[in-house]
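Trainee: At position 374 of the sequence shown the residue is numbered 518 (the working numbering), and the sequence of numbers has no breaks.
These are calculated hints, taken from the structure and not from any lab test.
What you are looking at is a predicted structure, and each value in this text was computed from that prediction instead of being measured.
Check the hints yourself; a few may be wrong.
[Claimed, not checked] Below 16 Å or equal to it, Euclidean Cα-Cα: the simulated EDC-like pairs (lysine to aspartate or glutamate) are: (1) Lys259 with Asp284; (2) Lys207 with Glu403; (3) Lys207 with Glu229; (4) Lys207 with Glu456; (5) Lys207 with Glu221; (6) Lys342 with Asp203; (7) Lys342 with Glu204; (8) Lys259 with Asp203; (9) Lys259 with Glu221.
[Unchecked claim] Beta-carbon label-pair distances, calculated as ranges: (10) Phe410 with Glu204: 25 to 35 Å; (11) Ala504 with Ser175: 53 to 63 Å; (12) Lys475 with Ile417: 15 to 25 Å; (13) Ser412 with Ala184: 45 to 55 Å; (14) Asp300 with Glu208: 24 to 34 Å; (15) Leu489 with Glu208: 13 to 23 Å; (16) Phe410 with Arg325: 34 to 44 Å; (17) Gly260 with Ser295: 15 to 25 Å; (18) Ala184 with Glu208: 35 to 45 Å; (19) Arg323 with Ser295: 43 to 53 Å; (20) Ala504 with Trp399: 29 to 39 Å; (21) Gln508 with Ala482: 49 to 59 Å; (22) Ala482 with Phe410: 30 to 40 Å.
The beta carbon of each residue, even a glycine, is placed where N, CA and C say it ideally should be.
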Amino acid sequence: MEHDGHEPPASAHTHSHGFSLSIETLSASRSSVLYVLMTALAAAMILTCVGLVTLWPNDERPKEIQQNALEMGLTAELLRATVQEASEAGCNYSSSPKVELCRNVTVVLQEGPDKGSLIALPEVNTAFDPTFPRLSVGDDVILGFDPVTDSYHYHDRDRLGSLWWLIALFAVTVICLARVRGVLALLAMAVTVVVLVKFVAPSVLDGNDPVLVCVVAAAAIAFFSLYFTHGFNLMTTVALTGTLMALGLTLGISWVFFEVAQFSGFASEEAFILPFLAETLDVRGLLLGGTIIAALGALDDVTVTQAATVLELRARNSELSTKQLTVSGLKVGREHIASTVNTLLLAYAGSSIPLLLLFAVSDQSLGAVANSELIGVEVVRTLCGSIGLVAALPLTTSLAALLVRPHSDSSKT
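Make a model of the complete structure from these sequences and hints.
Mentor: So, in structure tokens, the structure goes:
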């Protein structure tokens, strides 16, 4: 980067290396802004902790719902097994001259009270159930056990081993590139999973407001992951502030357009089942809460990048004014936003190609497809989340530029 024809004084770099900047390098007015910022974040952290304690789920209610699901046949006890025999022959109930083919599979249970037992699974007519896989001897599978009928049925392949290998490969890749910071990021990711599984899902099933639960969870994840991964410094504080402000904006805009669009919340099969298990569950609130969680992942990426960019610009040239820092940071941010917004769209489109094919077969117009609740919900989520991303760019950049200006430049415009 160019330095306007001269190198800055050596003293200007005293506090500029790295992403940490002490309050002593700030003017009195900027120090006041930082103190106000830290006070607001401290209050937000306290509210988040209070929310976690208040909304922490009671184990009894989720267990009742799990039992209801089991009794209704919606869930089953899952057990690992290994295929011992697999063949294809005429179905027991079919007769000549037209013999129908059925697949017959015998497995050995690897766990449970009947561990080691041979279980002959119900034969499957390949004509009526083409989705049943062609299993081979030695394949690992998951069986479902129905206590009402005291019977086993095929549930899925056991692919957990391959997933663990992929997780290990991902972890090694991250650690090799980011080293210590990568380890911290992986630990933060693990905590995020724990929050979603142990807090969000049980708390919502416990009857708490899904929106409030997701807001508290998003704030907790943001506080922990940003400070734990990037350290307690000015960059992280600015990024966290931008993230929380953009999340608030995303929540407000999403709430307005979810109301205007009048979504029922029953766009998926799961949404129809959940009210039977938990009568007090707010299905519409789940949609809005999910939007907040989804937006957080992209927001912290943008805010950290913008805060780091401004601090690096300041480190490279301490003579840049607040306006120059802001303009330069926004130039970088615009490129980032352009690619990130497209990423959000492609991520949804990629996961929904089978659904898009069904709409294509139905020969519906693009407007009719977008008007369906199943697609409309995702359109609103994507656009509201993108608005939050765009808003995070100037918020974070301007705040970072204001706080990193050295005292010696306070008289410049």
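Trainee: Flag every earlier hint the structure violates by its number, smallest first.
Mentor: Violated hints (numbers, rising): 2, 3, 4, 8, 12, 13, 15 and 21; every other hint is consistent with the structure.
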